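Asker: The lines below spell out each chain.
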Amino acid sequence: MKLNEVPQHDSSSYGGHKKLLYVTTDDGRYTPSQSSGWDTEAYATQLAVQTLQQQAEQAYLQWQQGLVSPLPFLMYQARLDEAGLSQVSGFWCWRIRRHFNPARYRRLPEAILQRYSDALAVPLAQLLAYQSVGNQQE
Amino acid sequence: MTFSHQQSAHCESGVMSSLLTNAGFAISEPMVFGLSSALAFAYLPIIKLNGMPLIAYRMPPKHIINTLNKRLGLAIQTQRFSNAAAGQQALDQALAKQQAVGLQTSVFWLPYFPAEMRFHFNAHNLLVYGKQQDNYLISDPVFEDVVQCDAAALTKARFAKGALAPKGLMYTLGNTPAEPNWPRLIRQSIKATSRILDGLPLPWIGVRGILHLANKIARLDPAAVKYNRLYLTHIVRMQEEIGTGGAGFRFMYASFLQEAADKLNEPLLQQAANEMTQIGDGWRGFASQLVQYCKAKQANTDFAPLAASLRVLAQHERELMQQLAAWSRSGF
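Those protein sequences? They're chains U and Z, same order as listed.
All letters in the first sequence, in the order written, are residues 1 to 138 by the UniProt record's numbering.
All letters in the second sequence, in the order written, are residues 1 to 332 by the UniProt record's numbering.
Quick caveat, the hints were computed from the structure, so don't treat them as lab data.
Please read these numbers as outputs of a predicted model, since none were measured by experiment.
The beta-carbon is built from N, C-alpha and C at its ideal position, and this holds for glycine as well.
There could be a bad hint or two in this list.
[Said to hold, decoys possible] On the chain Z side, residues computed to face chain U include the following (Cβ under 7 angstroms):
#1 Q7
#2 N50
#3 P114
#4 H120
#5 K161
#6 K167
#7 G174
#8 A178
#9 I242
#10 Q258
#11 D262
#12 A287
Go ahead and model the full structure; you've got the sequences and the hints to work with.
Answerer: Given below as structure tokens:
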């Protein structure tokens with residue numbers, strides 16, 4: 001890639017930062033150069049982020065309808081899937097899936113919620129509050 | 001301690017380049033990357049990232065540090081900790097001795113990362129060069145400038161759990177190398193890269209891995225439109241999004257070849273650098289092709305052109321690696 005071809009497309013996923021690319025000057029010499037984003041890359045990133053957002057929205061609706069606990073929603077918000085949450089929290093997948101059940105979630109002791117709090121970066125108080133007010137509709 | 005920060009494309013090569021340069025042994029990021037033979041290609045369907053196979057354009061985490069340590073004789077001292085308090089104490093002690101300290105951390109817990117970039121990836125590398133009250137002064141190689149991070153957040157990032165858990169890993173430089181034997185080192189590292197990319201009897205690694213990916217693309221189910229779009233853009237993300245210096249580290253390696261050509265005054269390496277630049281441009285073109293394919297309103301069901309472009313790239317890389325392998329075998 002040539003120095004004058006370095007894309008500067010201000011990708012939102014860069015959060016205002018710039019990335020370093022290695023590009024060539026006119027005489028073929030390599031030099032580092034900053035790029036604020038590339039549309040091709042941004043499209044790929046956005047598609048992945050959108051997919052996660054859709055999953056989070058769906059999980060949110062199901063939680064509000066009392067079908068699942070708040071954990072699936074919080075999991076997708078933290079950009080994790082079941083396998084990822086299992087690794088980060090140390091719970092086996094089958095246990096996590098059990099905790100997705102709203103009735104079981106309400107009975108979870110503080111110690112277990114603390115581990116979810118650490119894994120998902122959600123305050124423990126919030127997880128505790130969800131136990132009582134989360135799913136009013138049975 | 002006076003510390004000069006330099007922005008890098010990739011965290012691990014950036015940390016090593018910065019660490020050595022600040023210790024008085026000036027070395028560029030591409031040189032670190034090339035000398036540690038970090039260029040690769042791997043298609044690993046066993047490791048899933050949100051349901052997608054891992055596609056890597058470089059060797060796995062810690063390869064650069066370990067290989068460079070061996071080849072340059074850096075006597076790097078590494079420490080891991082079973083408890084977070086001990087980890088922080090050791091960091092403070094090293095800083096008190098005016099040492100720059102490399103850390104492996106998770107990205108998710110670092111507050112100075114913009115929210116858009118924060119995800120659960122545990123093999124990020126950064127340098128700590130000082131402490132002011134409760135804030136650590138950090139030179140994070142992928143950022144334009146130095147940053148700060150409070151002790152609680154940094155400790156959390158160092159002791160994050162999950163795949164590739166850092167377990168508080170910290171490392172400091174033992175030796176600053178004397179003038180190394182460049183011809184021998186460069187030959188050795190290029191030979192290793194040519195073996196990794198074209199010489200392993202494994203269908204998922206190197207050029208054979210690229211061909212494997214081409215076959216996977218050719219055999220995508222045209223009916224699964226949504227999955228196909230995610231799959232194809234996933235390739236683009238693995239190639240460009242995660243700090244690679246462009247085109248899945250190919251441009252960085254070309255820069256290394258150019259620097260090596262200058263050092264050894266070797267026209268063949270200069271020629272190889274130009275070839276590698278063309279290959280990098282090919283990968284960028286391939287990424288554009290994939291995204292254009294996904295953007296098309298009418299779902300196109302012919303994957304053959306995509307696979308064909310990838311096979312051309314694989315062939316080009318194979319030819320270049322054969323040239324480099326032959327050069328590295330030829331005498332001194």
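Asker: It remains to establish, for every hint, whether it holds in the given structure.
Answerer: Hint by hint, here is what the structure shows:
1. Annotation: interface hint on Q7 of chain Z holds; nearest CB of chain U at approximately 5 angstroms, less than 7 angstroms.
2. Interface restraint check for N50 of chain Z: the shortest CB-CB distance to chain U comes to about 5 angstroms, inside 7 angstroms, so the restraint holds.
3. Among the interface hints, the one on P114 of chain Z holds; its C-beta lies about 3 angstroms from the nearest C-beta in chain U, closer than the 7 angstroms criterion.
4. A least Cβ separation of about 6 angstroms between H120 of chain Z and chain U falls short of the 7 angstroms threshold, and the interface hint therefore holds.
5. The beta carbon of K161 of chain Z is positioned within 7 angstroms of a beta carbon in chain U (closest approach about 6 angstroms), and the interface hint is therefore held.
6. A cut of 7 angstroms between beta carbons decides the hint on K167 of chain Z: the least distance to chain U is about 14 angstroms, and the hint is violated.
7. Hint status for G174 of chain Z: violated, given a least beta-carbon distance of 28 angstroms to chain U, over 7 angstroms.
8. This hint is violated: A178 of chain Z has a C-beta 27 angstroms from the nearest C-beta of chain U, more than the 7 angstroms allowed.
9. Hint on I242 of chain Z is violated. Least Cβ distance to chain U is approximately 10 angstroms, over the 7 angstroms limit.
10. The interface hint given for Q258 of chain Z is met, as the beta carbon of that residue sits about 5 angstroms from the closest beta carbon of chain U, less than 7 angstroms.
11. A hinted interface residue such as D262 of chain Z counts as satisfied when its beta carbon comes closer than 7 angstroms to some beta carbon of chain U; here the least separation is about 10 angstroms, so the hint is violated.
12. This hint holds: A287 of chain Z has a C-beta 5 angstroms from the nearest C-beta of chain U, less than the 7 angstroms allowed.
The structure fails hints 6, 7, 8, 9 and 11 (numbered hints given earlier, in ascending order).
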